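Take these sequences, add in the hints, and give me the full structure.
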Amino acid sequence: MLTQASFFILGLCSVFLSIVMLTRKWPVTAAMLLIVVMMMLAGMYGVLGAHFSAVSQILVYAGAIMVVFVFVIMLLNIPTNELRYGRVTLFEWLLIFFGVCIAVLLGTRVGQGYLMIESTAARAHARAPYYPVSFNENVKNVSSLLFTDYLWAFELVSFLILAAIVGSVVIAKKARVNHVNKSS
Amino acid sequence: MTTTGLNPYFVILLILLFGLLLGLGVSALSLYLGPKKPNASKLEVYECGLPAMSNAEHRFSVKFYLTAILFILFDIETIFMYLWSALFDTLTWFGIAEVGIFIFTLVVGFVYILKRDALHWDNAQEKRDRGV
Amino acid sequence: MEFSYIQILSTVLLMLFGIAVGAQIAPIMSWVERRQCAFIQRRLGPNRVGFFKYRVFGLAQPIADAIKLLFKEDFIPPYVHKAFYVLAPVIPVMMGLAVTVVIPWGSHLIVGGEIVNLQAVSLNSGFLILFALSSLSVYGVTLAGWSSNDKYSLLGGLRASAQMVSYEVAMGLSVVPVVLIWGTFDLQKIIASQSTILWGFLPNWGVFYAPVSFVIFLVTIFAETNRLPFDLAEGEAELVAGFLTEYGGMRWSLFFLGEYSMMFIMCALTVCLFFGGYELPWVSQHDLILWLSSVVSETVARWLLLPLGIVVLLVKSIVLMWFFVQVRFTVPRFRYDQLMKLGWLYLLPIALVNLAVTALVVAFVRFH
Numbered sequence: 001m002l003t004q005a006s007f008f009i010l011g012l013c014s015v016f017l018s019i020v021m022l023t024r025k026w027p028v029t030a031a032m033l034l035i036v037v038m039m040m041l042a043g044m045y046g047v048l049g050a051h052f053s054a055v056s057q058i059l060v061y062a063g064a065i066m067v068v069f070v071f072v073i074m075l076l077n078i079p080t081n082e083l084r085y086g087r088v089t090l091f092e093w094l095l096i097f098f099g100v101c102i103a104v105l106l107g108t109r110v111g112q113g114y115l116m117i118e119s120t121a122a123r124a125h126a127r128a129p130y131y132p133v134s135f136n137e138n139v140k141n142v143s144s145l146l147f148t149d150y151l152w153a154f155e156l157v158s159f160l161i162l163a164a165i166v167g168s169v170v171i172a173k174k175a176r177v178n179h180v181n182k183s184s
Numbered sequence: 185m186t187t188t189g190l191n192p193y194f195v196i197l198l199i200l201l202f203g204l205l206l207g208l209g210v211s212a213l214s215l216y217l218g219p220k221k222p223n224a225s226k227l228e229v230y231e232c233g234l235p236a237m238s239n240a241e242h243r244f245s246v247k248f249y250l251t252a253i254l255f256i257l258f259d260i261e262t263i264f265m266y267l268w269s270a271l272f273d274t275l276t277w278f279g280i281a282e283v284g285i286f287i288f289t290l291v292v293g294f295v296y297i298l299k300r301d302a303l304h305w306d307n308a309q310e311k312r313d314r315g316v
Numbered sequence: 317m318e319f320s321y322i323q324i325l326s327t328v329l330l331m332l333f334g335i336a337v338g339a340q341i342a343p344i345m346s347w348v349e350r351r352q353c354a355f356i357q358r359r360l361g362p363n364r365v366g367f368f369k370y371r372v373f374g375l376a377q378p379i380a381d382a383i384k385l386l387f388k389e390d391f392i393p394p395y396v397h398k399a400f401y402v403l404a405p406v407i408p409v410m411m412g413l414a415v416t417v418v419i420p421w422g423s424h425l426i427v428g429g430e431i432v433n434l435q436a437v438s439l440n441s442g443f444l445i446l447f448a449l450s451s452l453s454v455y456g457v458t459l460a461g462w463s464s465n466d467k468y469s470l471l472g473g474l475r476a477s478a479q480m481v482s483y484e485v486a487m488g489l490s491v492v493p494v495v496l497i498w499g500t501f502d503l504q505k506i507i508a509s510q511s512t513i514l515w516g517f518l519p520n521w522g523v524f525y526a527p528v529s530f531v532i533f534l535v536t537i538f539a540e541t542n543r544l545p546f547d548l549a550e551g552e553a554e555l556v557a558g559f560l561t562e563y564g565g566m567r568w569s570l571f572f573l574g575e576y577s578m579m580f581i582m583c584a585l586t587v588c589l590f591f592g593g594y595e596l597p598w599v600s601q602h603d604l605i606l607w608l609s610s611v612v613s614e615t616v617a618r619w620l621l622l623p624l625g626i627v628v629l630l631v632k633s634i635v636l637m638w639f640f641v642q643v644r645f646t647v648p649r650f651r652y653d654q655l656m657k658l659g660w661l662y663l664l665p666i667a668l669v670n671l672a673v674t675a676l677v678v679a680f681v682r683f684h
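Chains as they are written, first to last, in the numbering used here: chain A, 1 to 184; chain B, 185 to 316; chain C, 317 to 684.
No lab work stands behind these hints, which were simulated from the structure alone.
Quantities reported herein were computed from a predicted structural model and do not represent experimental measurements.
We put the beta carbon where it would ideally sit given N, CA and C, even for glycine.
Incorrect hints may have been included.
As the list claims (entries may be wrong) - Some chain A residues near chain B, calculated using beta-carbon distances under 7 Å: (1) LYS25; (2) MET38; (3) GLY49; (4) ALA50; (5) SER56; (6) TYR61; (7) ALA64; (8) PHE71; (9) LEU146; (10) LEU156; (11) SER158; (12) ALA164; (13) VAL169.
To be verified - Simulated restraints on C-beta separations: (14) B:LEU198 with A:VAL20: 17 to 25 Å; (15) A:LEU48 with C:PHE683: 46 to 54 Å; (16) C:GLY429 with B:LEU205: 34 to 42 Å; (17) A:LEU22 with B:THR188: 32 to 40 Å; (18) C:ILE379 with A:LEU48: 27 to 35 Å.
Printed below as a string of structure tokens:
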């Protein structure tokens with residue numbers, strides 16, 4: 001019961017803060033609010049027992065990805081008078097309306113058995129992980145699944161990271177063809 | 185009937201809130217207790233005592249962005265390493281082989297970074313060090 | 317599911333103890349630094365501020381400093397972004413106090429038939445929450461630099477953040493061999509494994525199993541807490557005071573409160589991972605309880621060992637803090653490009669190679 005109550009409180013707060021974040025004038029305020037939302041998400045993961053997800057949410061998302069966001073905002077350094085703060089156009093009202101519709105649909109349908117076919121099939125194929133570990137060891141459970149059932153995804157992640165490394169270096173560095181000819 | 189204590193995440197939330205209140209409270213206390221004597225030179229931006237030359241609005245280097253992006257990527261690698269090390273004894277050589285492939289791919293990326301001098305912070309100083 | 321009042325009370329008390337340690341470390345360290353700096357430089361340092369007529373080695377100096385800082389004019393310059401200017405010093409304080417809950421102050425107590433773990437937050441993810449919270453303290457520096465609306469502060473803040481962020485990679489990777497060796501993230505279990513004897517004459521400490529990890533971790537803690545030789549962001553000769561330029565009085569000291577607290581907790585974590593935590597070197601608490609059980613009951617024996625564990629942990633951490641202060645007044649400051657080169661091009665490959673070698677050696681020893 002307490003788990004449910006904390007989940008609802010954290011969920012409502014994060015939804016409210018996200019909406020507040022979307023309507024901010026300053027990008028830095030929005031970024032800081034997003035960090036708070038990330039921490040609330042981590043709290044939700046933790047309350048539901050996914051301890052490793054909670055820690056990695058803060059470590060990677062709030063502690064690394066948001067740092068990039070904040071760096072970019074600060075490096076771009078857009079002057080105050082150029083920040084757009086005008087009326088919401090008709091197109092944006094339509095987008096908000098469809099967003100609310102999707103949110104209502106997701107909230108009332110998903111997990112209520114609407115996708116019953118998928119979950120029955122999943123349960124039929126479910127089996128214990130190769131290295132069964134005890135109920136309280138979340139990190140070891142995740143680890144045992146990652147390196148047995150989801151090994152292919154794990155190795156693909158390494159290629160994804162390699163692509164990201166190459167891509168970011170290419171974008172950030174100007175192409176230098178001849179090192180020798182470039183005089184100081 | 186199982187008994188529980190406080191949820192650990194609630195404890196962390198409490199202590200973060202306490203830190204927030206402590207910090208804001210001490211600042212507010214100092215604001216209240218200190219004298220208030222504004223004068224013209226205090227109101228200017230500090231630039232070694234000289235009048236301000238330009239606003240805080242000019243371009244900064246892209247190296248900060250690159251450092252942060254590379255930090256994300258290596259941080260992701262680190263959390264996978266945490267996962268592997270937790271179950272090292274059960275995964276034995278199979279686990280080492282899997283993680284070996286993962287790290288090898290990342291080492292390829294790192295060698296690319298080294299070759300492209302992406303993390304090279306000061307070309308001018310290195311040229312001076314080499315005596316060019 | 318009913319609540320156990322003993323557990324809740326003990327968690328709250330441990331939390332308050334952690335807060336007390338974190339908040340009091342800054343004044344104590346400020347005195348220690350000034351005296352130790354003075355002794356290194358062959359002078360005396362502050363030794364006059366005392367109580368009434370007694371000088372007491374100048375121990376009341378931090379109190380005098382705190383009173384002075386409180387009564388200084390807290391001037392918020394009109395050109396700063398007020399909300400972030402006020403918030404930025406509070407973030408290191410929040411994180412510095414929050415990380416104190418992960419440190420185990422002792423093994424456990426038996427109160428009213430229940431086992432009370434002497435660690436306020438004992439999560440499945442162990443000490444990772446410490447790294448998570450310390451990675452959030454980067455925002456304090458970044459916001460401080462940006463909110464001052466001054467290009468020098470902004471540059472100083474960005475450089476300090478980039479530095480902290482670069483060394484977090486090596487920090488995380490250097491700890492992985494330690495987890496590999498002990499097989500768990502739980503600090504209590506790691507300390508318990510370190511309480512036996514290795515090769516007959518050495519305590520079974522982590523530093524003998526993973527010395528390279530210890531060295532890398534120590535270097536990265538220096539960089540994470542912006543201490544010399546990595547304190548380019550705060551150094552007086554660099555960009556005025558970097559991101560701290562527009563801060564004065566109590567706000568300035570809040571940054572250092574958070575920094576010292578984080579420094580102490582990182583030292584305590586090093587002690588828990590590499591030097592046996594709250595366990596005495598050759599005499600484990602288990603042995604002591606067995607020895608004492610002939611005289612008193614186990615419950616009372618554990619209560620007697622509680623102050624011993626805390627004192628041992630504090631003494632070991634203080635030795636590391638002394639080392640921090642020694643290094644500050646001995647080693648010159650790194651230049652920024654040297655700093656970044658060390659973090660990315662030296663520490664990261666060394667940490668990776670260390671991880672590979674440790675994994676292979678442990679695998680050979682255990683799986684053959």
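Here is what the structure says about each hint:
The criterion of a C-beta within 7 Å of any C-beta in chain B is not met by A:LYS25, whose closest approach is roughly 18 Å, and the hint is violated. Violation of the interface hint for A:MET38 is found here, the shortest Cβ-Cβ separation to chain B being roughly 14 Å, above the 7 Å cut-off. Checking A:GLY49 against chain B: minimum C-beta separation of about 11 Å lies over 7 Å; hint violated. At about 11 Å, the closest approach between the beta carbon of A:ALA50 and any beta carbon in chain B exceeds 7 Å, and the interface hint on this residue is violated.
Using the Cβ-Cβ criterion of 7 Å, the hint placing A:SER56 at the interface with chain B is satisfied: the shortest such distance is roughly 5 Å. A cut of 7 Å between beta carbons decides the hint on A:TYR61: the least distance to chain B is about 9 Å, and the hint is violated. Proximity of A:ALA64 to chain B holds as hinted, the smallest CB-CB distance being about 4 Å (cut-off 7 Å). Below 7 Å, beta-carbon pairs count as interface contacts, and A:PHE71 has one with chain B at about 5 Å; its hint therefore holds.
For A:LEU146, the interface hint holds, since its Cβ comes within 7 Å of a Cβ in chain B; the closest pair sits about 6 Å apart. Restraint check, A:LEU156 versus chain B: the minimum CB separation of about 10 Å is more than 7 Å; hint violated. Because the beta carbon of A:SER158 sits about 4 Å from the nearest beta carbon in chain B, less than 7 Å, this interface hint is met. About 6 Å separates the beta-carbon of A:ALA164 from the nearest beta-carbon of chain B, less than 7 Å, and the hint is met.
A distance limit of 7 Å between C-beta atoms decides the matter here; for A:VAL169 the minimum to chain B is near 5 Å, and the interface restraint holds. B:LEU198 and A:VAL20 have their C-beta atoms about 23 Å apart, which keeps the hinted 17 to 25 Å range intact. Remark: the range hint 46 to 54 Å for A:LEU48 to C:PHE683 is contradicted by a beta-carbon distance near 35 Å. Checking the proposed 34 to 42 Å range against C:GLY429 and B:LEU205 shows it holds: the Cβ atoms sit about 36 Å from each other.
Roughly 37 Å separates the CB atoms of A:LEU22 and B:THR188, a value that falls within the hinted 32 to 40 Å. Roughly 46 Å separates the CB atoms of C:ILE379 and A:LEU48, a value that falls outside the hinted 27 to 35 Å.
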